[in-house]
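Residue numbers (our numbering), protein chains in the order written: chain A, 1 to 343; chain B, 1 to 343.
Just to be clear, a hint being listed does not mean it is correct.
Pairs count within a copy or across copies, as identical chains cannot be separated in the list.
Stated by the list, open to error - With a straight-line cut-off of 20 Å between C-alpha atoms, the simulated DMTMM-like cross-links for lysine to aspartate or glutamate are: (1) 188 with 303; (2) 113 with 157; (3) 10 with 100; (4) 152 with 206.
These are computed hints drawn from the structure, not numbers from a lab.
So the chains spell out like this:
Number of protein chains: 2
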Amino acid sequence: MKFGLFGGGKVGKLNPLGDSYGYREFIQYIGDADEMGFESAFVVEHHFTGVGQLSASLNLLSYIAARTRRIRLGTAVVVLPWHNPVLLAEQITTLDVLSEGRFDLGVGRGYRKAEFDQFCLPMEEAQDRYTECLELMLKSFTNRERFSHHGKYWHFDNIVVEPAPVQQPHPPVWMAAGRAEGIAFVGKSNYNLLVDHIGNIDETVERVRVYTEAQAAAGLPRDASRVGVARQLNIVYTPEERRAAYARRRDGLVNIRELAKKPEGYAPEKMNDADIAADTAALIGTPEEIIDRLQQLADGGVEYVLLTPVNATRQTLDTFANKIMPHVKQPAKARPAPVGAAA
Amino acid sequence: MKFGLFGGGKVGKLNPLGDSYGYREFIQYIGDADEMGFESAFVVEHHFTGVGQLSASLNLLSYIAARTRRIRLGTAVVVLPWHNPVLLAEQITTLDVLSEGRFDLGVGRGYRKAEFDQFCLPMEEAQDRYTECLELMLKSFTNRERFSHHGKYWHFDNIVVEPAPVQQPHPPVWMAAGRAEGIAFVGKSNYNLLVDHIGNIDETVERVRVYTEAQAAAGLPRDASRVGVARQLNIVYTPEERRAAYARRRDGLVNIRELAKKPEGYAPEKMNDADIAADTAALIGTPEEIIDRLQQLADGGVEYVLLTPVNATRQTLDTFANKIMPHVKQPAKARPAPVGAAA
């Protein structure tokens, strides 16, 4: 099983020492993860939050590319409707060159109404802007001859995007999806999948199954390592730590209920500690308990987990890398890829 | 006298080993300059050239910020009409944080008709787009409270740009100007000035004088170190090298004639070697000859030179840093700043 990190939501203002201090701490943390064998670090992009969320993700990742050697660097996600598709493509290919092919491109439509209002863009345009931007970027990555684009929102004449990406035909594209039809679309389209941290183990295993089925139906090799499963991580040892972790999880679930698209009646604020403990979605517990949940995911076919540690510190990384990571065993694959299939 | 570098025009395609190789070489070169005591590195931004000119300047500089310790990193220039002002401001403040306050913001309107055509923007809008973008960026840098902007080209509601820049109130802004009225505007507006590499020593000294006079007239301290004088550098030892350098200079002048706004009748293609040798603008010659030209600039009040070496190699930097840089003596200032003036 591969383990990546997902973060960047709190680099700035929440730190009383100021924005720079938060950035330096975060950079050091990703550097530590690089040394400890974590597979990747995915970072958010948000604007105008007033609480210091990361805004210029691709610039921070460009800096981190110089401070790391093998960890992959990703966005989760770049919100396409905010960006000029061609300038964004140039930034991405430049980062792919700078990182020597370590960039993962997570893309999204945007979901915060406030951000659409702040950019003065109607939220109803999100899907069309997303689609146009993605198509134009993919064309920019792969076309080494000049081309023109006259779309609904963007116009370019006789352009060629430079530099060419290192990863061919382009950096891996990652998309979030939760419902079966969305997951199947991502799988059959040969994109990589980001899965949320709300779904419990059974739901998550089912999502990975739907994805690999869609791959197979489209004639692609089944590859569950192309599904990044987000998981919150909170390693606790004492009953006090556990109670605090449950309370924090409950608050987190209340905050993101709007985004999680859970069925009506889902009321995390009414969940008591036993409910939280019974929800297998989060990795809350001792190293042994966390190994157990990860092993269940691995047994179900999950191959790639993206961790959001509540305590994003070197100590957390160290505990995870030494006391948890080595003890999760990926089972032998039930269905080996057919002979001659692409890797 | 301070010495910076100006480049980035040829990072990509011209190198037969591909884009990545060109980027890595350029990064190493700036790293060398950092160690050798060069003051700054300013890089270009160009799009769709097909010859590998640097497109995502701020991403490359973010990477270089991690690979250098004290050299200042600048744009010369970011072409404002291409960019969303607020996304650009976020990139800039992020780079200022990442570089720990080493960023210099050179801005321009754009001058290549082909680029305006490729972006499908009318060149007649360049000035208005430039002005709106610059004003909105400056507001974004300095406003720690939320604000809205409803301009001719851009609309934002209730935004605050994060992170805050390290340099207060914002990174130094640099503008290119050549004519007296343009230079005077930059000086009195408290911006820094970029001066071209076409003007000879007398013209350049006069430009610096106009700038510092405008500073003084606006009640600002006279500070010629805020004028970056671009100079081509070609160190030659043999007659063959000198002839090749003159031929190259002549070709270069023909190529940029359109941009240099020299008076009618200026015909660099007709300049013979003696004409090129007599033109004091370029730093072509032995180390001793180059010291002589730099000393004339220093004696005339120039305090900051931005070099574009024809051979952008470690050896050129090494020769310049050891055989030229130590021998140029800044004269004692004729007019010390009044007691109590800001630095």
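Worksheet entry | Up to 20 Å CA-CA - residue 206 versus residue 152, copy category | neither (37 Å within a copy, 50 Å between copies)
Fill in: Same-copy or cross-copy closeness of residue 10 to residue 100 [CA-CA at most 20 Å]
between (27 Å within a copy, 19 Å between copies)
Practice prompt. At 20 Å max between alpha carbons, let me know whether residue 113 reaches residue 157 within a copy, between copies, both or neither.
Written response: Intra 33 Å, inter 12 Å, cutoff 20 Å: inter-copy only.
Discussion item. Within a copy, between copies, both or neither: which one fits residue 188 and residue 303 at a CA-CA cutoff of 20 Å?
Written reply: Classified as within; 19 Å inside a copy, 62 Å across copies.
Figure legend: structure checked against the earlier numbered hints; the only hint not met is number 4.
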